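The opening residue of the sequence shown carries number 180 in our numbering; numbering runs sequentially from there.
By construction, these hints were calculated from the structure, which means they are not laboratory data.
Below, simulated SDA-like cross-link-like pairs (lysine to any residue); rule was C-alpha separation at most 25 Å, straight line:
hint, residue 1, residue 2
1, Lys326, Leu364
2, Lys338, Leu265
3, Lys266, Arg278
4, Lys324, Ser275
5, Lys327, Leu364
6, Lys327, Cys313
No experiment lies behind these values; they were computed from the predicted model shown.
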Amino acid sequence: MPENEESDISSTFYVKEKDFEISTKCPSSERDLKEASPMPNSTNLVENENDKPKLSRKLDWEALIAAAEEDFDLLESPVDAAAKTLKSGKEIQKLSIIRTMPETIATCGEDAISRLLPLIQDMITIAKSLDVHCDTSDLYKVLIKEKKYENEFPGLKDKLVTYILENVEQIKDNVAAAAWLETLLDITDSVPVQTITDFKVFYT
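Build the full structure now, drawing on both the sequences and the hints.
If you want it as structure tokens, here you go:
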């Protein structure tokens with residue numbers, strides 16, 4: 180075999196051997212093994228866990244108090260709830276209590292009359308809203324004109340006449356005072372004239 184040809188064969192064999200060496204080379208260190216592994220690194224797992232937002236274990240006291248108050252309110256009677264509204268509620272809530280008083284009286288009876296009517300009357304003495312005066316005067320008229328209330332609650336009519344006369348005398352706003360005077364005229368057919376005269380003399 181010629182010398183040149185033998186040299187070419189040797190070179191080819193050497194290159195093939197090097198290629199085989201490169202392609203079959205295995206990772207030689209633990210680091211190489213970790214890099215070659217498809218499994219996630221435990222260090223990365225710890226870091227990822229740290230990145231997650233931690234759940235707050237702090238008690239939400241406001242939510243707990245609100246829930247407790249809500250449960251407490253469920254134990255209140257309709258009269259208790261209405262009294263609280265008349266003392267510290269908004270005007271629209273107070274108007275709702277006034278407008279639904281006949282239903283409340285039908286349900287709660289004397290308790291509603293003895294506790295809620297005085298609160299409504301107290302509110303009238305300082306109320307500036309004409310709606311409050313008009314709705315209350317309408318309520319008083321209904322309670323006076325419908326005989327079932329006087330039959331069931333003796334003395335209610337006299338109490339309401341007293342309230343009406345007080346309002347006619349004490350309300351300074353001309354429009355509101357006129358509403359109460361009109362109420363007084365509307366109930367004359369349901370109340371003996373002598374009753375109104377006696378009350379008028381008493382308050383003069």
